[in-house]
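J.: Fit chain to chain and form the complex, with the hints in mind.
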Amino acid sequence: MTAPNHRPLLLKLLLITGGMFGFGYALVPLYDVFCDLTGLNGKTSSMAATADKAVTDLKRQVTIEFLAKPDPKMPWLFQPQTRQIQVHPGEIKLVYYEAENPTQALMVAQAVPSVSPGQAALYFNKMECFCFQRQTLKAGEKLLMPLQFYVDPALPEQFSTITLSYTLYDVTQHSPAAQVAAVYQTGK
Amino acid sequence: MSTISTDPHHHADHGHHHPPAGLKRWFYTTNHKDIGTLYLLFALTMFFIGGAMAMVIRAELFQPGLQLVEPAFFNQMTTVHGLIMVFGAVMPAFTGLANWLIPMMIGAPDMALPRMNNWSFWILPFAFAILLMSLFMEGGGPGFGWTFYAPLSTKYSGDSTALFVFSVHIMGISSIMGAINVIVTIFNLRAPGMTWMKMPLFVWTWLITAFLLIAVMPVLAGTVTMVLTDKYFGTSFFDAAGGGDPVLFQHIFWFFGHPEVYIMILPAFGIVSSIVPTFSRKPLFGYASMVYATSSIALLSFLVWAHHMFTTGMPVFAELFFMYCTMLIAVPTGVKVFNWVATMWRGALTFEVPMMFAIAFIVLFTIGGLSGLMLAITPADFQYHDTYFVVAHFHYVLVTGAIFSIIAAAYYWLPKWTGHMYDETLGQWHFWCSLISVNVLFFPMHFVGLAGMPRRIPDYALQFADFNALISIGGFAFGLSQLLFVWLLVKCIKGGPAATSQVWEGAEGLEWQLSSPPPYHSFTTPPDVK
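Chains A and B, in that order, give the protein sequences.
First residue of the first sequence? That's 1 in my numbering, and the numbers climb one at a time after it.
First residue of the second sequence? That's 1 in my numbering, and the numbers climb one at a time after it.
Treat the hints with care, since some could be wrong.
As the list claims (entries may be wrong) - Derived BS3-like pairs (lysine-lysine); straight-line CA-CA distance at most 25 angstroms:
| hint | chain 1 | residue 1 | chain 2 | residue 2 |
| --- | --- | --- | --- | --- |
| 1 | A | Lys142 | A | Lys73 |
| 2 | A | Lys69 | A | Lys12 |
| 3 | A | Lys73 | B | Lys155 |
| 4 | B | Lys282 | A | Lys69 |
What the hints assert, rightly or not - Computed list of chain A residues with no C-beta within reach of chain B, every gap over 12 angstroms:
| hint | residue |
| --- | --- |
| 5 | Ala26 |
| 6 | Asp32 |
| 7 | Val55 |
| 8 | Leu67 |
| 9 | Gln81 |
| 10 | Arg83 |
| 11 | Gln86 |
| 12 | Val87 |
| 13 | Tyr96 |
| 14 | Thr103 |
| 15 | Met127 |
| 16 | Gly140 |
| 17 | Pro153 |
| 18 | Ser160 |
| 19 | Thr161 |
| 20 | Ile162 |
Claimed, not checked - If the Cβ cut is set under 8 angstroms, some of the chain B residues that face chain A in the computed set are:
| hint | residue |
| --- | --- |
| 21 | Pro19 |
| 22 | Ile214 |
| 23 | Ala221 |
By construction, these hints were calculated from the structure, which means they are not laboratory data.
Where a beta carbon is used, it is the ideal one built from N, C-alpha and C, also for glycine.
The following block holds chain B by itself, in its conformation from the complex (with noise of 0.2 angstroms):
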């Protein structure tokens, strides 16, 4: 082979390298890129049918009283839209990232396991096959929330329990095959010269997911199949009948759901590590903190996972200490926000529509981490727990976190990976009506919150009853502004002005040097690395 093979035309020779056409391109790829589009067309789909559930939520909640739904459907619509936005929205986006992204960041030709990475996509697909089909089983789908506590799960839910805990069995197979192909491709094929502190932010916070979810998605294979047993087999893992104890599932289950809330945002925060140095065109503030932040803030996520149980009794010195470990994430959280507020600091700023999202994940996550602060201290949270002030903290932290990431992921990338630039007007209305919606959503749930509004509920009192009618309209508003994006990503696939290889002028990076659309097999040999 010859040593410089980015030029495409010098595939032509070799069958094998061109994608078979039709459907079986798709159905056989072990290619990254392929696999990384249908990831993150995937995790679109599930964002919208995730949504579609929260507009039911919204829509039953617009008025005080029962209006729309019956209690159990509302019940399965919270679950269900709660497992699809973790499980098939967020993750699967993060995921199709990483593909697309972590071998030409680090000059790798693709995957270092391409025919597993086939498999953790197409997995995928029926495990949420099987979680929207039980809805419409007889009795419904579950209905015991995306926490599936004990005994709600075990002892008070109908037969779709088991086909919840097979899809969840298959969501999670797909996660660890993903994480370990990640993890493989950042050990064994970082192109020469690209060291572990060369590393781009993104490959950084992947790697550490990866690690998170290895750790953390077989406990939760292991709680799922003890619901099972308990409620098919006659185990008591969780049943004080047979000498079980219910609080215990709620140790098993947040000793893996804790971690998980970082695997949901530990990514973003490579991503926003990534955009914010390319508009502010100057490198990121603290490279080497922000990997000893993102690594400790991984630690520490295993030694939080009670501050979900404060009400459940525990004793005093147990809830100090969860509430100090708790408190200590957000020291290297701050150096995070600190470091990105820095590299803004005098740059020479401009504010395309990556950028805007990236700005707001900054301004909105830390409002979302505040609020998870104010959660972390115990006698408060006697207040706030299980009301809409906790909805109100996880939903800033996820949408107006992750899914924001996500967005200004999207919009940054695009380019390189269609060839096409975007429409940036059309972007700019996105972003500006998400942005608006969303706050119009997601705020006012702080103060019925705090006014004890419980979550989790089809009705309420009528006290709360204009703030929930704001709120439902913020939630229509910031539905409806996502299908702009799809709009923007139909348009942007099929042409636009052609895009550079660099694409944004301050951006740095190996996939940068790509030409955009890059070649379908790039990196055949590595790249050198300054």
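So that you can see chain A by itself, here it is in the shape it has in the complex (with noise of 0.2 angstroms):
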């Protein structure tokens, strides 16, 4: 009996391991794409949105409701200056973030969003947000952050409350530019 040639199998079983390693990493862009086409996940979209098809709607009203924390790890102050507001779908509004640096340095944040319920995501749109940069702010500096937005009127009749909730990382040592500026700061 001649020993049977195991090589080419071997191969090929290989070849699905590594392959199923590398599917795992597919995952996280799988993943991104798809929370960004359905608005799963509460996330709402990074980009700057435009009011050209919104028309209001009188006859509903929707409440939304802001909510702000930093980061256990976050030294700022962070919160709305709205707590709560009533509006009409497609009616255009500006609330205000305030934040502050308490601390002695220069620090950089970023704010990341998410909207509950989940589903209501894709009918929150934002024209403006100081979640779309990061934002800095020298030692004991304090800033209002302005949030632009409108309500989707194709939003489903279920949902009459939204809520907007933001955490605030600190993300100064990713940001190349604060580190220099640190530097800078330090160094006067």
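T.: Next up, the structure:
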């Protein structure tokens, strides 16, 4: 009896193994694409919306609640100026969030939004948001940060309240410009 | 070579057919029987180490309040207990059984890739040495649960996380190599006439398990690598501050995790499908449907992962999809339970220890399956999620399921492996002590879970005190009962009445045609399969 040659099958199986390792990583962008398309997970678009198509629906009112919390490791003070407002779908509103850097150093922050219920995220359109960019505050500096938005009139009837929550993260270490500025500041 | 070489004296002429003496035999061995033995002894050792951690957990939970260990250490115990039992006890035990049995069952001389086989075993002790040593680090070992959810494992974990990641890498490489070996062996080394639909069900279930392993263990390796780079190298896969998403972790983890639970139960189905016909003295009822049921369970396992995540806020459509897919799995599983019962129906039953454990498996695994169905119902899961009800569920399927099947397999094939019959009286004592204590241990967990006791907590509200004391007593009794098993194993390896080749009156299959114990090299020329 001649010994069977195991190599072709072995190579195929190793290929599957390698492929599945890659697939694990491919799930990351796939997940993002899936969430973008469906608005699951309460992720709002990170792009500014335009209000061309918006027609104000005066017959309905939707309650918008604003929440803000700094990450536990983030020393900034961070809160919404307006806790809650009533809007008509299609109506453009402007609200402000307050941020203050009480530390002795320049810091960079990134706000990450989340909409609840998650399915309403697709209908919450931001025209301008402080979360689109990183925010830099010098030691002790305060800032009023704008958020301009409207609710899509196509919002399904079952949603009467939308909660928008921001978590503020310290991204100073990941921010090359801030590091340069920090060196400049301390050098002074 | 002569045509028949099952006679062990034939090999006396060839020096290399005899194992080297002493420790070298075990370090250098490429023999499937030696490696099978190593795997099984390793799994038994890990079972006791993981079991000792369970005893710490149950001792702490004996009374409400904190008495014995620090909460952080308690978390490390639940975490490492889970990791050790899953990757150190159940999976290596099944791989050990595969090594011992698959070549003998399909009439192959050995595993197809014997040197790789040696490697896949010998890296395992290192993986677990790394994991266990991390418990002695400053700050302690991993304490984020065996599911290592981000951001617990990425932001709020100690430096032992790196050791945890590397040990999981090594475990993964070991099981992938083991799985590849099983697949190549079954594809290429079946004896002539051993067609696909003549293979014993243990071989079938292991073949399907091996495919599950090479499909999902690499995903686990990817997940731990992402945790490693998130924690130490500034990536943001699971960090919202950098654009990542912690919920993504759960999706990737459970994409691995759900097939993983079938990896730990499909070989058990194969074992029970071998034992029940023997002691019923009837062929297995519905062989083909068993093969198809196993395959469909394996395929469905890729479509149900998010039922572990119902409370993360998925849309209703997704919750319904995962709920229905999960419930669908009950159909092929039900087919299996029906087939086992139908095999016993009007059989000439005898109740030796392997059969007792197999019957206990059928009954208790079905209880675990039913509580699984309850958990699959999305609205009900909102109540059960992260309570002791979940703990009860997965211990019924893993302890009275997977572990009972492994113990049944050990009793069933022990006379074949050692050449001696085990002590039947001692075995019956082991069975009854285990059966009673395991139910005292896990059944009340259903009640405290439904009443709202959360899992992975070192302290609890006063109203759970009585049940928890009872559960702990069951736990200590179950742990002590397993010492009977060790005593029985030692006795059986040392000596005992000689076993015949067939061992059991109703046993059928190629492994029962070999002597007990089988020669060091069996089927060097393939047997004829009728």
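J.: Work down the list of hints and note, for each, if the structure agrees.
T.: Against the structure, the hints:
Restraint check for A/Lys142 and A/Lys73: satisfied, since their Cα atoms lie roughly 19 angstroms apart, inside the 25 angstroms limit. Between the alpha carbons of A/Lys69 and A/Lys12 the distance comes to roughly 51 angstroms, so the proposed pair goes past 25 angstroms and is violated. Taken as a hint, the A/Lys73 and B/Lys155 pair is honoured in the structure, with Cα atoms around 10 angstroms apart against an allowance of 25 angstroms. For a cut-off of 25 angstroms, the pair hint linking B/Lys282 to A/Lys69 is broken: about 67 angstroms separates their Cα positions.
For A/Ala26, the non-interface assignment is contradicted: its Cβ lies about 9 angstroms from the closest Cβ of chain B, within the 12 angstroms cut-off. Taking the minimum C-beta to C-beta distance to chain B, about 8 angstroms, the non-interface status of A/Asp32 is violated against the 12 angstroms cut. The non-interface label for A/Val55 is consistent with chain B: the shortest C-beta to C-beta separation is roughly 27 angstroms, beyond 12 angstroms. With a cut of 12 angstroms on Cβ distances, A/Leu67 stays outside the contact zone with chain B, its closest approach being about 15 angstroms.
For A/Gln81, the non-interface assignment is confirmed: its Cβ lies about 23 angstroms from the closest Cβ of chain B, beyond the 12 angstroms cut-off. Remark: the non-interface label on A/Arg83 is consistent with the geometry, its nearest Cβ contact in chain B lying 23 angstroms away (cut-off 12 angstroms). Separation of A/Gln86 from chain B is adequate, the least Cβ-Cβ distance of about 25 angstroms exceeding the 12 angstroms criterion. Against chain B, the non-interface label of A/Val87 holds: every CB pair exceeds 12 angstroms, the least being about 23 angstroms.
Non-interface status of A/Tyr96 relative to chain B is upheld: no Cβ of that chain comes within 12 angstroms, the nearest being about 22 angstroms off. Separation of A/Thr103 from chain B is adequate, the least Cβ-Cβ distance of about 17 angstroms exceeding the 12 angstroms criterion. At roughly 21 angstroms, the least C-beta separation between A/Met127 and chain B is larger than 12 angstroms, which holds for a residue marked as non-interface. The Cβ of A/Gly140 sits about 23 angstroms from the closest Cβ of chain B, beyond the 12 angstroms cut-off, so the non-interface label holds.
For A/Pro153, the non-interface assignment is confirmed: its Cβ lies about 21 angstroms from the closest Cβ of chain B, beyond the 12 angstroms cut-off. Once the 12 angstroms rule is applied to beta carbons, A/Ser160 is consistent with being away from chain B; the minimum gap is 17 angstroms. Against chain B, the non-interface label of A/Thr161 holds: every CB pair exceeds 12 angstroms, the least being about 15 angstroms. The claim that A/Ile162 lies off the interface holds: its Cβ sits roughly 14 angstroms from the closest Cβ of chain B, which is beyond the 12 angstroms cut-off.
Taken as an interface hint, B/Pro19 does not check out: its beta carbon lies about 21 angstroms from the nearest beta carbon of chain A, beyond 8 angstroms. The restraint placing B/Ile214 at the interface with chain A holds, with a minimum CB-CB distance near 5 angstroms, inside the 8 angstroms limit. Among the interface hints, the one on B/Ala221 holds; its C-beta lies about 6 angstroms from the nearest C-beta in chain A, closer than the 8 angstroms criterion.
Of the numbered hints stated above, those contradicted by the structure are hints 2, 4, 5, 6, 21, listed in ascending order.
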